[in-house]
Structure formats: structure tokens, C-alpha cells
Amino acid sequence: MRGSAMLSKKIIRRAAVTAASFVGVLAISAAALWELDRAFPPPLPAELTVSTEVQDRDGQLLRAFATPDGYWRLGTRLDQVDKQFVDMLVTYEDKRFWDHQGVDVLALGRAAGQFATSGHIVSGGSTLSMQLARLIEPRESRSLGSKIKQMLRAIQIERRLSKSEILERYLTLAPYGGNLEGVRAASLAYFGKEPKRLTVSEAALLVALPQLPEKRRPDRNLAIAHAARDRVLTRMVSSGLIGEREAARAALDDVSGLRRTLPALAPHAAYAMLPRAVPGQPLKLTIRKSVQEGLEQVARDAATRLGPHLSVAMVLADSRTGDILGEVGSANFFDASRSGWIDMTKIVRSPGSTLKPFIYGLAFEQGLVAQETLIEDSPVDFGGYRPKNFDMGYQGDVSIRQALQLSLNVPAIRVLDAVGPARLTARFRQAGVNPILPVNEAPGLAIGLGGVGVTLRDLVQLYTGLANGGRTHTLHDGTEPADAGRTTATILNDQANWQIIDILSGVKPPEGALQRGIAYKTGTSYGYRDAWSVGFDGRYVLGVWVGRPDASAVPGLSGYVSAAPILFEGFVRSGLAIVPLPGKPPGAFTPKREELPVTLARFGAGIDGLVQA
Numbered sequence: 001m002r003g004s005a006m007l008s009k010k011i012i013r014r015a016a017v018t019a020a021s022f023v024g025v026l027a028i029s030a031a032a033l034w035e036l037d038r039a040f041p042p043p044l045p046a047e048l049t050v051s052t053e054v055q056d057r058d059g060q061l062l063r064a065f066a067t068p069d070g071y072w073r074l075g076t077r078l079d080q081v082d083k084q085f086v087d088m089l090v091t092y093e094d095k096r097f098w099d100h101q102g103v104d105v106l107a108l109g110r111a112a113g114q115f116a117t118s119g120h121i122v123s124g125g126s127t128l129s130m131q132l133a134r135l136i137e138p139r140e141s142r143s144l145g146s147k148i149k150q151m152l153r154a155i156q157i158e159r160r161l162s163k164s165e166i167l168e169r170y171l172t173l174a175p176y177g178g179n180l181e182g183v184r185a186a187s188l189a190y191f192g193k194e195p196k197r198l199t200v201s202e203a204a205l206l207v208a209l210p211q212l213p214e215k216r217r218p219d220r221n222l223a224i225a226h227a228a229r230d231r232v233l234t235r236m237v238s239s240g241l242i243g244e245r246e247a248a249r250a251a252l253d254d255v256s257g258l259r260r261t262l263p264a265l266a267p268h269a270a271y272a273m274l275p276r277a278v279p280g281q282p283l284k285l286t287i288r289k290s291v292q293e294g295l296e297q298v299a300r301d302a303a304t305r306l307g308p309h310l311s312v313a314m315v316l317a318d319s320r321t322g323d324i325l326g327e328v329g330s331a332n333f334f335d336a337s338r339s340g341w342i343d344m345t346k347i348v349r350s351p352g353s354t355l356k357p358f359i360y361g362l363a364f365e366q367g368l369v370a371q372e373t374l375i376e377d378s379p380v381d382f383g384g385y386r387p388k389n390f391d392m393g394y395q396g397d398v399s400i401r402q403a404l405q406l407s408l409n410v411p412a413i414r415v416l417d418a419v420g421p422a423r424l425t426a427r428f429r430q431a432g433v434n435p436i437l438p439v440n441e442a443p444g445l446a447i448g449l450g451g452v453g454v455t456l457r458d459l460v461q462l463y464t465g466l467a468n469g470g471r472t473h474t475l476h477d478g479t480e481p482a483d484a485g486r487t488t489a490t491i492l493n494d495q496a497n498w499q500i501i502d503i504l505s506g507v508k509p510p511e512g513a514l515q516r517g518i519a520y521k522t523g524t525s526y527g528y529r530d531a532w533s534v535g536f537d538g539r540y541v542l543g544v545w546v547g548r549p550d551a552s553a554v555p556g557l558s559g560y561v562s563a564a565p566i567l568f569e570g571f572v573r574s575g576l577a578i579v580p581l582p583g584k585p586p587g588a589f590t591p592k593r594e595e596l597p598v599t600l601a602r603f604g605a606g607i608d609g610l611v612q613a
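Be aware that the sequence shown starts at 1, since it is given in UniProt numbering, and climbs by one per residue.
Honestly, I wouldn't trust all of these hints.
As the list claims (entries may be wrong) - Derived SDA-like pairs: lysine to any residue, alpha-carbon spacing no greater than 20 Å straight-line:
#1 K163 with D254
#2 K346 with D323
#3 K83 with R96
#4 K193 with R77
#5 K193 with D254
#6 K346 with R429
#7 K147 with Q84
#8 K346 with D550
#9 K196 with P42
#10 K388 with S378
#11 K149 with P42
#12 K83 with E93
#13 K388 with D417
#14 K215 with K163
Unchecked claim - Label-pair distances were calculated between CB atoms; the ranges are:
#15 D301 with Q430: 32 to 40 Å
#16 P379 with P438: 21 to 29 Å
#17 G367 with G192: 56 to 64 Å
The hints are simulated quantities; they were obtained by calculation from the structure and are not laboratory data.
Backbone N, C-alpha and C define an ideal beta-carbon position, used for all residues, glycine too.
Make the full structure from the sequences, and use the hints.
Here it is, written out as C-alpha cells:
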């Protein structure tokens, strides 16, 4: 009895020592592993190296730039990806992803058993965490040592990242063939859309590609890609994630063999933003993607119709904020024959007759004229300056309304002579536009017919005042320096502003125009070098320039024939609903002929061409 008790005590003592030793070994092993983990951490940068993205005002991708190593790799968040695709990916690759700590022992055991019985690999045991380890630290060979290293790295990764972070990094780095990495780049290249909403067929293909991206890429091996997608669909049915009928319908969808280019919109603005790029952070423009797409297509089509070497520039802005919603610097950025790399929205050129509305606007503002006031359109000499009309003919007595709608030159210069060129340019500067004059020359009458330099942006900025009750806004697209000032200013008072809107809204649209409800003005510079058209509704202003970037003459070029059709088509293709033009402000009127005052004595010799209506 006593011997039995002693034996029990020995056994207990030995068990305690063994347990203590085991615990000690575990503690030492854990400490060693802890130190090894600290000494050899996985290569997990705080931010992945991804493509620089330029986005529109709503966060949609306008343009991406390849990474320094030449890959299209777009940063990906889970909320940017279709949830069903994520569910399919986890089900196919790592069904216990949300439960294990980096290594799925059951999956490894299953894979080992299948290998032992069949003599070849039937299924892999790699978890998504292990696959991420391989992506951030590519293995040199498919050896057992490499697999063990992946497992250890996966455990390290799980200690540092949440499950969602692991998924996001995998979805950013997974290979999809060629220089495509990540599900966003793949979805844009193979389907032409972001992976936010994928069909079952599309999701299945994107699940299948990363296992053998070069062998399965649909633009190279369409049949293999098709078969791989169908295998994923079959697995999803057996896993209960989708039904048989849904899988059968998805299997009927074609797999496209086309690899599309990634979005490449607003190139001039996008390249202008590059110096401000911060790794991992998208660059934002005020542009709206749908508007930009429409304007770029209109510019390309128009340039094709106009012929070689001619380019087209367009700016569409919101008059209430100054935000540029679409801007086209050239018809084709990469077309060397049209000098496509030059942003013609910012190049100073002669504006032709597009400044005339502001001449008449100042005259309305000062009470010098009314819409039905008659003015003489006949040869005149202003101290050696003899303006002529575009068609070299004269109309005789015309109303102010007719003179502006017909864009007659002589009446405009008569009115400018009364208003004063210096007052006109001062009003432009007040509105944030600095017209370029010849060196050491004061403003002269010639500025009324384009004898001054402005940019397309300048013109659109001035016209935002007409669309916005006489108040202009500084245009901006997001490329400006952070400290760039934004100003609002009065270009015309509300009464004069409405008079100009009323006149311009009555200008005959170009033949075949698809849009109504727009007030607009055209212009052609001296020597047929530049054609312009600027139009607006009750909110949006669109400006169009047509010409050669080298400023060569283009016989037959004119604002009405060459630029105005592009303007109207641009409004249609922008997709923006037309906002009604402003109504009459309180007190505004257009007097009848018999209501007009006698004006001859009042205006004096400086405006002899004006007569009583």
C-alpha cells in the first residue's frame, strides 16, 4: 500500500516535471519565435506601390499612370469590389479564410493526402494569406522549403494585418496577365468597367485568372480562359454559393478576347497634376467623367471632318461655381500632326468677334443704346483705322440687336468708340481676365475685332458672367496651386446682362443643330487662323476653338461654319440637361421704336453713326 503511494507520487512528480519542461520549451520557443518575428518581419510596406490615379469630381477614374516598374496596379478597397466576387474568391481559394490564422491545416492535410494517393497535385493548400506572402516575396523555386517559408510568412502577416487588409492587398497585387496586377486593372482591361458590379461570368473569370495568369489570359488564350471560368462556376455550384441555373446562364456568356486600354481621359490636366502626386493618394479634378468623355469624342469626330493638321479645344464650366466640368486641350493628345500635346485651352490667340457682346453690354449699362436703336453700318474712318465687315459689305441702318446678331464690325467699333476701349479692358481685368496687348500699346478700337490676345479659358470665364446674372467666377479644374485665388466679379449689371442674353439667344443656330435653348456668339480671327464659338444656357458655358496650333491660316475657317456646330454637338454629348436662360430682371425692358429717346445730340461727335430709332 505504502509502495503504491510512493509510486504514484513519483509518477505525479515526473508528470509535473515533464509538463513544466514542456511549458518551458513552449515558452522558450514562443520567445524565440517572437524574437525571430521581430528580427525577420515580412516585407509589408505601409502603402503598396500603385499606379497614380487621376479621378473626376465623383471619384471615377479619368486616367492612371503605370508604376515605375511598368505595371498597371490600381489600389483596391473592398468597397470598390463586387461582394459576390469576393465571396466566390474566398470559396474557391480559401473557404476557411475568415477562421484560420494564416495556415489552413485541414486544407494542407487534404492536399497532402490527394498527392499521396494520386501521385500528382490535385488541389493546393495555400491560403490567401500564403498567396499574399508569395506576392510580396516571390519564391525562387517550388520547393518544400519555399512552402514552409510561405506558411511562416502567412502567420506573420495575420499578426500584422486584419482579414480585410489581407484581402485588399491580395486584390491589389494578384497577377492577371501581362502587366496587369490587381482586380481593378483586370476588370477595366478585360471588361471596360470597374469591378464594383460584375456579372457572375465576369466574377468567375477574375477568380480563375490569378492561378495561371499567362496561360489563362483571355486576350491570348481565349479557349483556356473560357474553360477556367467554367470550372470556377462548377465549383461555386458544388459549394452552394450559386444555383445550377444561374451557373448555366453565366456559362452561356461569351468571354471576350479583347484587352482594352485603361481610361485615358483629360490628358493635359492629368499630366499637369502629376507633380503633385502623393503615393497611394488619387489626384482629384473638378471634371465630370461623363462630360469629359462626350467632349473628347466630339473633338475627335470634328477634327476628322475638318481635315489634317487642324485641332479642336473645348472648355465647359459651371457658371455658378467656376468648376470646369470638361476640358479638351486638343483633338488627340498623341497626334503629332495636330501637335496634340499642346493644350490649346491655355494658348493666347486672337478672339475675333467674341468680345462684341461685352462692348454692347457696357453701352446698355451706360444707357447709350437700346436693342432697337438704329446704328449706321457704312464705311467709317477713326483716325486712320477703317474697320470692315467680315463679308466686306455693308447693311446701312441696322438696329443694335441686328448688329450684334449679325456680328457686324463697323457698328461694334462705333459703339466701342463711345464706350471707350480702356473701360472695356478694365472690366475684363476686373473679371479676372488680363487681355494681352502689343508691347507698349494702350487699348485701342481694334480690340473690338480681336486685336488683343486671350485664351479659350479666358473667354469661357468672361461668358460665365452672362450665364450667371453678370457675375463671373474664376475658372478652376483642380490643377491650380492650393493657394491660387478664386474671385467673383461683376462683368455687367443685371439689366445690361439680360439684354445681351436676349439678343444672343436669338442668333440662328448652325444648320442641323440638335440643341436649342442656348445663347451663343461666334468669332473668326484675322487671317482665318482661329475659329471660335462660345455658348451658354442658364448655368453651363461651353467654349470651342478650332485652328492650327502653329497659327497658320486655314482658308474657309470661320466661327459659324467650323466652331458653332461643334458647340451645339458638345452641349448634346455632354449629357447635361439644358438649364433655361435667365428671365428678365425687375425693370428690364426692350423699348419699342417709338419709345426711344432722341440720341443724336446726346452722343455728340464721338458716335455720329447712332441715329434715333
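Structure-based check of all given hints:
Proximity of K163 to D254 is assessed by CA-CA distance (about 34 Å); at most 20 Å being required, the pair is judged violated. For the hint pairing K346 with D323, the CA-to-CA distance comes to about 16 Å; that is within 20 Å, so the pair holds. Between the alpha carbons of K83 and R96 the distance comes to roughly 17 Å, so the proposed pair stays at or under 20 Å and holds. Taking the CA atoms of K193 and R77, the gap is near 16 Å; set against the 20 Å cutoff, the hint holds.
Restraint check for K193 and D254: the C-alpha separation of about 16 Å stays at or below 20 Å, so the hint holds. About 17 Å separates the Cα atoms of K346 and R429, which keeps this hinted pair within 20 Å; it holds. Proposed proximity of K147 and Q84 is contradicted: the alpha carbons are some 30 Å apart, above 20 Å. Among the hinted pairs, K346 with D550 is consistent with the structure: their alpha-carbon atoms are about 14 Å apart, no more than 20 Å.
For the proposed pair K196 and P42, the alpha carbon gap of about 30 Å is over 20 Å, so the pair is violated. Restraint check for K388 and S378: the C-alpha separation of about 9 Å stays at or below 20 Å, so the hint holds. Restraint check for K149 and P42: satisfied, since their Cα atoms lie roughly 11 Å apart, inside the 20 Å limit. Proximity of K83 to E93 is assessed by CA-CA distance (about 15 Å); at most 20 Å being required, the pair is judged to hold.
A hinted pair counts as satisfied when its Cα atoms are at most 20 Å apart, and K388 with D417 qualifies at roughly 15 Å. Proposed proximity of K215 and K163 is contradicted: the alpha carbons are some 29 Å apart, above 20 Å. In this structure, D301 and Q430 meet the distance hint of 32 to 40 Å, their C-beta atoms being roughly 38 Å apart. Restraint check, P379 to P438: a C-beta distance of roughly 25 Å satisfies the suggested window 21 to 29 Å.
Under the hint 56 to 64 Å, the C-beta atoms of G367 and G192, about 58 Å apart, fit the expected range.
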